[in-house]
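K.L.:
Chain by chain, the residues:
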Amino acid sequence: MVNREVIGAHYGLGGWLAQRVTAIVMALYTLLFLILMVRAPQLDFSGWRMLFAPQWMKLATLLFLAGLYLHAWIGVRNIFMDYIKSNSLRLVLHVSAIVWLLVCAGWSVQILWSV
Amino acid sequence: MSKRPIYLNLFQIRLPLPGLISIMHRVSGALLFLALPLLLCGLQQSLTSAESFTTLQTAFSHWGVKLVAIALVWGYLHHLCAGLRHLALDLDIGTELAAARTSSVFVLGISIVLTVVVAALLW
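Chains A and B, in that order, are what the protein sequence lines are.
Residue numbers for the first sequence follow this note's numbering, beginning at 161 and rising by one.
Residue numbers for the second sequence follow this note's numbering, beginning at 2 and rising by one.
Please keep in mind that the hints were generated in silico from the structure rather than gathered at the bench.
There's no promise every hint is true.
Part of the chain B face toward chain A, derived, beta carbon under 8 Å [what the hints assert, rightly or not]: (1) R27; (2) G30; (3) F34; (4) L37; (5) L44; (6) Q45; (7) S47; (8) L48; (9) A51; (10) F54; (11) L81; (12) G84; (13) L85; (14) L88; (15) A89.
Predicted model, so just to flag it, every value in this text is computed and none were measured.
From the three backbone atoms N, C-alpha and C, an ideal C-beta is built for every residue, glycine too.
Can you build the whole structure from these sequences, using the hints too?
P.N.:
Quick look at the structure:
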C-alpha cells in the first residue's frame with residue numbers, strides 16, 4: 161500500500177467533505193420544507209407562491225439548490241471516473257456536467273427571484 | 002503483481018443487502034441528476050402564474066405523470082435515507098456487520114413505506 165499524506169495536495173478530501181456538508185444542508189432544508197408545507201394554511205397557487213415570497217426562504221432554497229448542484233457534480237464525477245475508461249470521453253462528460261449544473265444554478269436564481 | 006481471479010458477471014454476483022443499498026444509492030442519485038430539467042421546469046411552472054400552476058395540476062391528474070413523480074420521490078427518499086446511513090458510517094456508527102445489515106433493512110423499508118404514503122396522498 162502506498163502511504164500518502166491526506167493533507168496538502170488534492171487527494172479528494174475536499175470533494176469528500178463537500179459532498180457530506182452539502183448532504184447535511186439538503187437534509188435540513190428538506191425538514192424545513194416539510195414543516196412549512198404542513199403549516200401552510202392552503203396550498204393553492206397563491207399559498208404556494210407565498211411560501212417562496214420571503215427573502216430568507218429564497219436564500220434558503222438557493223442554498224439548498226446550490227448545495228444540490230455541488231453534490232450532484234461530485235456524484236456524477238465519481239460515476240464517470242468509475243465507468244468511463246476513455247480519457248477524452250470522460251473529459252467531455254465532465255465539462256458537460258459542469259456547464260449544465262452552472263446553467264441550472266442560473267435558472268434557479270431566475271425562478272426564485274421571479275416570485 | 003499476482004494474477005487475481007476476476008469475477009464480474011453482474012448476473013451471477015449475489016450482492017449482500019448493504020451492497021444493494023449502496024448501488025441503489027448511486028442509481029437513485031443518477032436518476033435524480035437526469036430528472037433535474039424536469040424538476041426545475043415543474044418548479045417554474047408552479048410559480049409563474051395561476052394558469053401555469055393549473056396546467057401543472059392538470060398534468061398531475063395523468064397516471065403517467067404520477068408514476069414519474071412517485072419514482073422520483075422514491076429516488077429522493079432512498080438517496081436521503083441511504084445518505085444519512087453513510088454519514089453515520091463515516092462517524093463510525095453501525096459499522097459492525099450485524100448493525101450494517103439492520104440499518105440497510107431500515108433504509109430500504111423506511112424509504113419504501115414513505116414512498117407508499119406519498120403515492121397514496123398523490124393518488
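K.L.:
For which of the previously enumerated hints does the structure constitute a violation, in increasing order of number?
P.N.:
15
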